[in-house]
Structures are given as C-alpha cells and as structure tokens.
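S.K.: Take a look at the letters that make up each chain.
2 protein chains.
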Amino acid sequence: MVFELSNWSREQLVLIEQALSEWVPSQAGANLGESMRYAVLGGGKRLRPLLCLATRRSMRMQVPEAAMASAHVFDQAALRAACALELIHAYSLVHDDMPCMDDDVLRRGLPTVHVQFGQAMALLCGDALQALAFELLTPSESLVPARVQASLCRHLSQAAGYAGMAGGQAIDLSSVGATLTQVQLQEMHAKKTGALLHACVMMGASCADEGLLSPTMASALSTYAKALGLAFQVVDDILDVISDTKTLGKTVGKDAAHEKPTFVSLLGLSGAQSYSQSLYQEANDALLGSGLKDVQALSALADVVIKRKS
Amino acid sequence: MVFELSNWSREQLVLIEQALSEWVPSQAGANLGESMRYAVLGGGKRLRPLLCLATRRSMRMQVPEAAMASAHVFDQAALRAACALELIHAYSLVHDDMPCMDDDVLRRGLPTVHVQFGQAMALLCGDALQALAFELLTPSESLVPARVQASLCRHLSQAAGYAGMAGGQAIDLSSVGATLTQVQLQEMHAKKTGALLHACVMMGASCADEGLLSPTMASALSTYAKALGLAFQVVDDILDVISDTKTLGKTVGKDAAHEKPTFVSLLGLSGAQSYSQSLYQEANDALLGSGLKDVQALSALADVVIKRKS
Chain L
1128 MVFELSNWSR EQLVLIEQAL SEWVPSQAGA NLGESMRYAV LGGGKRLRPL LCLATRRSMR
1188 MQVPEAAMAS AHVFDQAALR AACALELIHA YSLVHDDMPC MDDDVLRRGL PTVHVQFGQA
1248 MALLCGDALQ ALAFELLTPS ESLVPARVQA SLCRHLSQAA GYAGMAGGQA IDLSSVGATL
1308 TQVQLQEMHA KKTGALLHAC VMMGASCADE GLLSPTMASA LSTYAKALGL AFQVVDDILD
1368 VISDTKTLGK TVGKDAAHEK PTFVSLLGLS GAQSYSQSLY QEANDALLGS GLKDVQALSA
1428 LADVVIKRKS
Chain F
1128 MVFELSNWSR EQLVLIEQAL SEWVPSQAGA NLGESMRYAV LGGGKRLRPL LCLATRRSMR
1188 MQVPEAAMAS AHVFDQAALR AACALELIHA YSLVHDDMPC MDDDVLRRGL PTVHVQFGQA
1248 MALLCGDALQ ALAFELLTPS ESLVPARVQA SLCRHLSQAA GYAGMAGGQA IDLSSVGATL
1308 TQVQLQEMHA KKTGALLHAC VMMGASCADE GLLSPTMASA LSTYAKALGL AFQVVDDILD
1368 VISDTKTLGK TVGKDAAHEK PTFVSLLGLS GAQSYSQSLY QEANDALLGS GLKDVQALSA
1428 LADVVIKRKS
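Residue numbers (the working numbering), protein chains in the order written: chain L, 1128 to 1437; chain F, 1128 to 1437.
Derived by calculation from the structure, the hints in this document are not laboratory data. All C-beta atoms, glycine included, are put in the ideal place defined by N, C-alpha and C. Some hints here could point you the wrong way.
Said to hold, decoys possible - Under 8 Å between C-beta atoms, here's a sample of chain L residues computed to sit facing chain F:
id, residue
1, Gly1160
2, Met1163
3, Arg1164
4, Cys1227
5, Gln1243
6, Ala1247
7, Met1248
8, Phe1261
9, Ser1269
10, Ser1284
11, Ile1298
12, Ser1301
Put together the whole structure using the sequences plus the hints.
M.R.: Structure follows, in structure tokens:
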C-alpha cells in the first residue's frame, strides 16, 4: 500500500486534536484553564506530535501481525507522548512571547497569551502546561506500563531542561548582539529546538515492547532526529528573511531586529539553503541504514520540514 | 531509642544539601546554572524534603530487619523525591517573586532571582528547575525501580499543575480584593501550598516495596498531610501579621497591603490560632490511627509547622 503523508497526517491530527482537547482542562482555578486551552488549541502544525507518532508507526511496522496484541497500549502511550511534547512546545512559546523575553504580541495570527490574559496568568499558564505534560505521561499503570512511563518522563525532562530547551534559550538570550561561530550557533540550536525534536523521535521509539528498539535503530533514529532538528532551525532562519508576516503567522525579520545571530547571517542565504539540503540528506541516509522496515512517515516529515513555507 | 528531631533533621539536612548541590548544575548555558543554584542553594528550611524523608522513615520502620536488603534503593529514591519537591518549591518562589506576580525584591534576606539575574533569566530559571525535578525522579532503572519512578512523577506533576499549585496560584491572583468564605480560602490554599505538601508525604510513602503501603496507611497519611498543609498556611497568615521582616526573612504585611484574603482577616488572630491548633490535633490523630509503627519524625514535624516563628 502506497503511503501518503497527507492522509496519514489528517488521521493523526484528528487523534491529536481530540486528545489535546480532552486532556487540557477548561476548569483549573480562575481562568487558568481557559488560558491553557487558548495556548494549546489555537492551531499550530503539530510537527512534534506527528514526529512522535511517525516514529511509533515505524516501531509498530517492525512487529509481525501475530504479535500485535500490545499495539493498542503502545499507540495510546505514543498519543500521550505526542500531546506531552506539544504541551512543552506550547508552554515555551507562551513564556518566550512574554515582555521580558521576546515581547511578541502576535502568535499564529492571534494575540499572544500575555496580551489576552495578562502577564501573571501567562506565567502560570506556561508553568501549568509543563506540569500537565508530565501528568499525561503518568496515568494509571493499567493504561501505560511503568517502564514506558519512566522512559518517557526521562526523555522529556532532559529535553526540556537545563541541558536542552531551557539551556538553549539561556544561551540565546546571552547571544544577542554577539558573534557566534557556526559550531556555537549549532550548539545553541541543538539545545533550544533540537533537544525537543530529538525527544519526539526517541519518545515515539520508547513506545514499544522491551528490546524491540535495537541499538542500531536507536542510534540511527537519534542521527535522523538531530539532523532534522538542525534543518528545522536553518529553515526557520531562512523563512525569517524570505517570508512575510501573513504567511508565517508571526512577526518576521525579528532576528535581525534583535541582532540575533542566525544561519543566514553566518552562511548567507544560499549557504544556509544548501546547508539545509545536506542535513536533509543526512536525515534520510540515517533512516535508510536504521534497519527499520518502514520509515515512510519519518522520511515524509523530513520533506515537510525542508520544504515548509511557514 | 528516643527520637530527637533535631538530631535526625541535622543528619537529613546534610544529605539534602549535598544532593541538591550535586544535582543542580552549575554549567547550563550562559548563567542559567548559576541562577538555578542561587535559587535552590540559598538556604531555606527544607520542610518539604524533610517531610518526604520523614514519611520514608516511617515506611522503613515497618519492615523487619531481615527484609531490609532493598532499603538502600528506596532511601535513595526518597532522597531524589525530596530534592525534586524542593526544586518545585524553589521554582514557584522564583516565578512568584517576579514583577508581574508578587513583585518581591527580598527572599531569605537576599535579592530575589530576577533582581540578581534579570527577569528573562528568572523565567528560564524557574522553567528549568521544574524540568530538573522530573529529571531527578527518572534516573536509570538500576537506581530506582520504574514503578517508583512513574509513581513519583505522577504525584509530583499532579501536585504542581493546574489542579494543584499552579491552579491555586491562579485562584490567589484572582482573589485580590475579593471576599472569600472560609471554604473558598481553604480550597485555594489546599491547591496553592497544600497539594505540594501532600505530595511530599505521598511520595515518601511511594518509596517502598510494592504492597507495603496499605490503604489504611495511605488514607491516614493523606489526612495527616492535608491537615498539616492547611495548618502551615494558617500559621503563615498569622506570622505575616505578628512577625517582623528580619525574623521572617521576607517582607511582612504584604497580604494586607495587597488586599489578599487570609485566615487572620477571616477568623481574627485568636480564631486563626485556635484553628491551627485543631488542625495540629487532626494531623496527630491521623498518625495515631495509621497503623504505622513509628511516626515520630512525622509527629515532630507537625510540631515544627505549628510552632515555627519564621
């Protein structure tokens, strides 16, 4: 059967949106719940959840039909992981947009959370979304095996914390007006956006029977995820220069305005474009050598990351 | 052997401070690590870690000497839980002190994190501390069994999130200048400070062999924790009125200045004092009926909460 990303994504997005709408509370003390739903349910491409579910799909394809009794449990675990990843992403946007950080008033074409609900509520909203991510990963053990819960929390906390996203944002903060080398810029992005994208893949891979993920597969998926994460950021920097605010749904040209180093400022526009191509190649080569029988969804998502217009 | 809280606490505090100093990173991107260590290692009574370790102590005392082979694993798990709880508490203080929330410049007699490191870094500092809490709870399975890791993350995420601490803070925000009933005030505090104190006890109780925590014990510990948590807040409100800034190490009288409802404004000073006594009684009665053989540390901590001067 021919795999079509658009069909697969459409099905997965229905599951993701339903799950997020069910799991992000509306009642949570004053208008905290309202702000959380505003932050999470306001659209977005859901790249992180899709990447997690695409990896789970590859793991499911490894197992012969006869051994699929546990597939439903792991599919549900992956859906929880997918939503948890989106919650971490959403919280980081809420806090990033605040006046003391990027001071952005527009996100996906709508007022940012602090504009809509005030700064104090935006702060709490982000805090509560981070906690909710870990709550989604730790339901009753009858729903998700404890081994998988622990592994998911381990990946997510490391990716979100000081050695990952938060650490990368701190470097980003201190790099305004600074001249970074390509190595330094890559390290910053590997933490700031790469770590969470890497976690998407590794968490999707964790949702499987013990021992199914071989060291070769894990290593290949990790290489794929790192190349994809870096390509994502290179394309982001390119779009910040060549796109417009309406297409992108957020303010363009703000990196240059804030004197932030980017791959475009470092390599030039065409240099950045060919760098993103070589990362794309690296991601696909890793999938081919992974030993995974079906990597179609992962491969197609790499296409999307490179070719996206927003 | 007679139990002395001061001796026991001194020993535990050495372990807690060593562990926090080891686990809170100094290198974490720009000065993020420095801000995290400033927020966490700057003193504090460590009530939450002590409460967690006191509960673990009661669980250990249930098991005959012969079956203590696993005690070390669970002691280490409890130390991780204790530190994770302190990290969540510390992050909440960092975010609470920010200008958009309580706008406080003094904490434990020192400049608050945003005064010292700037608002953007304070925001990231709190975010990274929350992630680190879950990272501490999810080490290799050779250190802590997956079942315990999942249980600890479950308790902590629920206590920190929308139905716990963050939700309580949202209610608190919206209650400025409002007249709350005693029931509403209790509900707000049950979430804002009570949920995390409750988690301290339940997480300490989770660090034990499967099945050791009977339903009677779990229920009694839960009642103890809820009464203690409420008593803690009632005493906090009393101290905000009768103490001075030097003794308390933070600005006094700020509840009245911010027109926040308190147990003192609702019940009067003597009414609040007798209410704290009745909660103390309730906490101790629960311990007596718990079926736990040794509750001396837990009982002594209830004393400390009621009699504290700061």
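S.K.: It remains to establish, for every hint, whether it holds in the given structure.
M.R.: Going through the hints against the structure:
no., hint, verdict
1, Gly1160, "holds (7 Å)"
2, Met1163, "holds (7 Å)"
3, Arg1164, "violated (11 Å)"
4, Cys1227, "holds (4 Å)"
5, Gln1243, "violated (14 Å)"
6, Ala1247, "holds (5 Å)"
7, Met1248, "holds (7 Å)"
8, Phe1261, "holds (4 Å)"
9, Ser1269, "violated (12 Å)"
10, Ser1284, "holds (4 Å)"
11, Ile1298, "holds (4 Å)"
12, Ser1301, "holds (4 Å)"
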